[in-house]
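Student: Now for the letters of each chain:
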Amino acid sequence: MLGKTTPYQPTAGSNLNHAEIVSTKIAVSMIKRSKHPILILGSYGEGLEYLEKLNIEKIYTPRDMNLLDAIKKISNEKKHDLVIFSGITYYYLAQAITHLKHFSDITSLTIDNMYHPNAKYSFPNMEKKEHLEAIKRLVMLVNNP
Amino acid sequence: MNPKLIVLDPSKCTKCNDCINKCKEIHGVSRVKKAGDIPIFCMQCENAPCMNICPVNAIYLKENIPIVNKERCIGCGMCEIACPIGAIFIEEKIAHKCTLCLDTDRITPACVEACKDNALKLICDECLDIIKDDKRKKLIKIISDEWREEV
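Residue numbers (my numbering), protein chains in the order written: chain A, 123 to 267; chain B, 668 to 818.
Rather than coming from a laboratory, the hints here were simulated on the basis of the structure.
One thing to keep in mind: the hints can contain errors.
As the list claims (entries may be wrong) - Only pairs whose alpha carbons sit at most 20 Å apart, straight line, appear in this in silico PhoX-like list of lysine-lysine: (1) A:147 x B:799; (2) B:805 x A:126; (3) A:147 x B:783; (4) A:126 x B:804; (5) A:223 x B:783; (6) B:799 x A:126; (7) A:126 x B:689; (8) A:147 x B:671; (9) B:700 x A:157; (10) A:147 x A:223; (11) B:729 x A:147; (12) A:126 x B:788.
With the hints as extra help, turn the sequences into a complete structure.
Tutor: Structure, rendered in structure tokens:
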């Protein structure tokens, strides 16, 4: 059975410092506490239509820009303090958040239904139904304080 | 129980003092105290005795976490007496307690990020449910296997 913190690809978590699991409530409090959060949305996965309703700055990839360009832009600007990811192909995202982990002070949070060991904070492995409910709850709590 | 608090896994703690040093760096005074070699964190009580006993109402709630208002605090030390685990203390005539860094610009508590051994975790009631769920499933599996053997 896949555990809560087993990476989808075993090579993703290459060092000892793996991401910490967060629940929806803690993710919401992190988003509320951050001054300039940014959401990077891909084109895969479920719950993207709900995440589009979030009242925070967004970058759509690959529609607006390439993911790695977006990451470079964010780490060079140093304006944002929290970067949230969802709906991006697993191994692309693993690369992008590794860049953030090693070359910037920005906190990264992934809210996919899979655990990402390279992020600073990540949702655990979840069933699709469970994940969709978590996303709905997150959007509701962030938009309605 | 309060919705959010920091918990420590003593078996993972290597007594490196990173959390204490980081707290001192951020807040000026370390709000984390040591009992023996292991750090003790505020339980963020739901009905906080320190807040109830304060004669000048210097402790207020922000996101259900008790925080000391430094301008109001008179340093009488009543909260120190009332606290069941000694997580609030008087230093430089002001009460200090862990606020999960809610009074700073940080997104998450500094000590949790500073801990290299992953001994510190910021958890909430939902996280506890996840942990309990796993244990519950394991128990159900053991019980059902035993039952099958008996049948």
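Student: Determine for every hint whether it applies to the structure shown.
Tutor: Consistency of the hints with the structure:
Proposed proximity of residue 147 (chain A) and residue 799 (chain B) is supported: the alpha carbons are some 17 Å apart, at most 20 Å. Using a Cα cut-off of 20 Å, the hinted pair residue 805 (chain B) and residue 126 (chain A) holds, with the two alpha carbons roughly 14 Å apart. Proposed proximity of residue 147 (chain A) and residue 783 (chain B) is contradicted: the alpha carbons are some 24 Å apart, above 20 Å. This hinted pair checks out: residue 126 (chain A) and residue 804 (chain B) have alpha carbons roughly 13 Å apart, not beyond 20 Å.
Distance hint between residue 223 (chain A) and residue 783 (chain B) is fulfilled; the C-alpha atoms sit about 14 Å from each other, no more than 20 Å. Annotation: proposed proximity of residue 799 (chain B) to residue 126 (chain A) holds, straight-line Cα distance about 13 Å (limit 20 Å). Taken as a hint, the residue 126 (chain A) and residue 689 (chain B) pair is broken in the structure, with Cα atoms around 29 Å apart against an allowance of 20 Å. Taken as a hint, the residue 147 (chain A) and residue 671 (chain B) pair is honoured in the structure, with Cα atoms around 9 Å apart against an allowance of 20 Å.
With a CA separation close to 30 Å, the supplied pair residue 700 (chain B) and residue 157 (chain A) exceeds the 20 Å bound. The suggested pairing of residue 147 (chain A) with residue 223 (chain A) is violated, with an alpha-carbon distance near 23 Å, which exceeds 20 Å. Of the supplied pair hints, the one linking residue 729 (chain B) and residue 147 (chain A) holds, its CA atoms being roughly 15 Å apart against a limit of 20 Å. For the given pair, residue 126 (chain A) sits about 16 Å from residue 788 (chain B) by alpha-carbon distance, which is consistent with the 20 Å threshold.
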